[in-house]
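Given only the sequences and the hints, what does the whole structure look like? Please build it.
Heads up: the protein sequence lines correspond to chains A and B, in order. Note that our numbering gives residue 96 to position 96 of the first sequence, counting from 1, and the numbers run on in steps of one. Note that our numbering gives residue 1240 to position 240 of the second sequence, counting from 1, and the numbers run on in steps of one.
It should be emphasised that the hints constitute simulated quantities derived from the structure, not laboratory data. Do not rely on the hints blindly, as some may be mistaken.
Said to hold, decoys possible - Derived DSSO-like pairs: lysine-lysine, alpha-carbon spacing no greater than 27 Å straight-line: (1) B:K1118 x A:K344; (2) A:K440 x B:K1306; (3) A:K202 x B:K1220; (4) B:K1220 x B:K1230; (5) A:K314 x B:K1306; (6) B:K1227 x B:K1238; (7) A:K275 x A:K354; (8) B:K1230 x B:K1173; (9) B:K1306 x A:K344; (10) B:K1371 x A:K243; (11) B:K1064 x B:K1238.
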Amino acid sequence: MATKVFMEALSPTMEEGRLVKWLKNEGDAVKSGEPLAEVETDKAIMELVARGDGILRKRLINEGDTAPVGQLAGVIATADENIDALIAGAGAPAPAAGAPAPEKVVANQQETAGASSVPRSAEESQGEASAPPQQKVADVPPAAPAQPSAAPRAPGAPSAPAGAAPAAGDVRSSPLARRLATERGLDLHSVQGSGPNGRIIKRDIEAAAAAGAAAPRAAAAPSAPAIPREGDFHDEPLTQIRKTIAKRLGESIGPIPTFYLTAEFDLTRVMEMRKAMTELGDQFKVSVNDVLLKATAIALSQHPEVNAHWLGDKIRYHNRVHLGMAVATDDGLIVPVIWDADRKRMSDISRDAKELAKRARERKLKPEEFTGSTFSVSNLGMFGIDQFTAIINPPEAGILAIGTSEEKLVVVDGEPVVRSRVRITMSCDHRVIDGAVGAKFLQTLRRLIENPLMLVY
Amino acid sequence: MASFDVIFLGGGPAGYVGAIRAAQLGLNTAVVEREGLGGTCVLWGCIPAKALLEAASLAEKVKKGADFGVAAGEVKLDYGVAMKRSRAVSNQNSKGVEFLFKKNKITWIKGTAKLTGKNSVSVKSADGKEEKHDAKKAVVISTGSRVKGLPQIGLDLNKKNVISSDEALILEKTPKSIVIVGAGAVGCEFADVFAAFGAQVTLIEVMPNILPVEDADCSKEVERAFKKRKIDVLTGAKISNVKVAKDSVSMSVEAGGEKKEIKADIVLVAAGRAPNIEEIGLKEQGVQLTDRGFIKINERMETSVKGLYAIGDVAGPPMLAHKGEREGVVVAEVIAGQHPHLFDYTNIPGATYCHPEVASVGLTEQQCKDKKIDYKVGKFPFSANGRARTSGETEGFVKIIRGAKYGEILGAHIVGAHATELIHELVVARTNEYTVEEVDLAIHAHPTLSEAVAEASLDSLGKMIHA
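The structure is reproduced here in structure tokens:
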């Protein structure tokens, strides 16, 4: 049985990939899971792995060439199998999901189900490549048309649950979910289940339908926490006033009605703390940025109204704080994520920040390391920028822009004194964050930064 | 002073189940409980009440014995004996929980707890000694609820002739006459018990139907059965002019356009319970309450204070043991750092053990109407069920409300013998999103009461066979 090798969506936003280097030659034996080639995505260099056992009979993309996600990249088959028919279709991207190729059935759902990064929520599916991943070709008759009659099938009609949705037999799903999927023309393979052991239930179909997700199953996804789990957030439907604010402000200023709050913070105590820690030994050394990241994370944990995503029809308030950290690389900007930053010790944040920045510059970040942030921070202090405004990373509702820290003459109790100061500007999506809400968040942040001992509490 | 990972305040169904799960997950767990383990459910609710209802059921059956060719002669009823048996059963269950604590190495701290910080608790024991304990990971408030009177209409509980379920459970003998105020599950169950033991029972409900949270069809079926048993049922009733004398209570009741004076030996107030939120230091710790006075929690059972959790009756309705138990499991798994499946509050079954029994899950027909859901109803009477006829228990029916389009089970309602056992087939179906077709596809053994469930599913599809 032959296995097609497709250019896979190796990152959530990848639409095409450049095949950097083949790791296997034509005629080499390969095993499922073995790396076949290195592919450069929009964010990093990733490995394309084999989805079946056999011999790599044909390589269809040349090293250095770029191919859209879904294009046939090669064929794995037995030594004597005729693969001409399979190769004939090469060059054109495989059929998009929503029009599932009837002769193909993915036979190894089990393998991919646990490791799928198919987005469920609206924000994650934006820009999602729409092409199926590698599929095992099996001899299965074409799936019967989903609807036996034009009228919505009354539950009284005889039903073969497995046939209710295309090739659903290998997907754990509830009968009700299958009926909803059939009616909405959703391929159950494209839906991430949230029931026990990934069982697809009603709410998953509704979420997928809401996301317009006829998105295909992404393959080769890491078992990442990239999908927020139930309980890590709560959604609030938009109130009328929020709808009006969103509509009016959107008309006024663009899709994300942003406003900016700038405040100057006193860093003197942070500096003292850093100095004291460094004196204890190099292992206790942390950067000002590390301290500011930690303070931001704690402030966010106390202000879920800021730690939020705008999802169009609702606002998602996150219970966990995953802090995005803008990193400049030679290729451009990328925002790796420090997971659960509010619960991490300063030393962990310092280590994470260093490690993530290093890997970002080496383009070695895994997709789960640059997705899922709930709020972001950008720091241009090292370039001597006094203050600036950062652009919101949607669907996040805010971002902090941190300027340079410098000694300044300020007036304290009527006396001029030299203090270490930093200017921080918060960009706020007004659909989510109102002025006073943003200001209160900055108040909390000020309390933490100006009394850094509170960070250890 | 001792240090634990988790301390539960209260050893009722929420607290003790949570504690066992926490201990299973390797957490060093303690439960503070001043009374016996098992809480209201085991000591003052579910268990002893069901023991009395079993006695009531037996009394009714024995009276009908002659019809079956089993005449037992004169039936003598003794509430005192039934009560003592009920206490023994209750005690046995409480000891069972003690055994489970030992098995799972859970520490029972006997006494009354008060929060002294978000992770410390001080416990005052019966002899007045006070001791402080630390909870490294979490404190879970599972203090439950207590009976309450209706002082606004002059029915302050006095433990003598204005009583609550607590006292009703330990009466030595049946009163000659009793007025029960409130016809929810507790009111209906005691009406059943006292009627079976020979009291003149008046059941008063302010809402238009008894068992107001149940489907109106079920309420009416029980009301009919009660009236047949000479229980005076007054619905949509307003009570005024309450006079509590030394050995009787009188009141005016307005219902159905009529006003009458009622006098009884005892009034049992069964009009809800109050959460135990006082004297545990909630205010000092800044724990937020809901407008109805319960502790405010999120889906992870977290209160507004980090590290403090609340479960069971104190964390909001429905005040049901099985709701608290599941919250206990969820909270233990959350504290242990797992990601449990969150509690689906729309799938909690309700069960009332009067005769006929009532059980349900999901939406009532009225709720479907209010939500403008397109639905179809299937209904099958036990009078057409073979097994029900053999046992002579033909009251009641199975009613299934399904979505018109997909056939999902919106609600299921059963009145009749063993309804509280029968409902679980439909709870499994609804929880797993089976449609009525999957229920019918499952083969139901013959002759069983469960066949009525399959027939009601078929009826909702217009394909009923046996009626």
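Evaluated hints:
no.	hint	verdict
1	B:K1118 x A:K344	20 Å, holds
2	A:K440 x B:K1306	20 Å, holds
3	A:K202 x B:K1220	33 Å, violated
4	B:K1220 x B:K1230	15 Å, holds
5	A:K314 x B:K1306	26 Å, holds
6	B:K1227 x B:K1238	20 Å, holds
7	A:K275 x A:K354	19 Å, holds
8	B:K1230 x B:K1173	20 Å, holds
9	B:K1306 x A:K344	16 Å, holds
10	B:K1371 x A:K243	24 Å, holds
11	B:K1064 x B:K1238	36 Å, violated
The structure is inconsistent with the numbered hints 3 and 11, although it conforms to all the rest.
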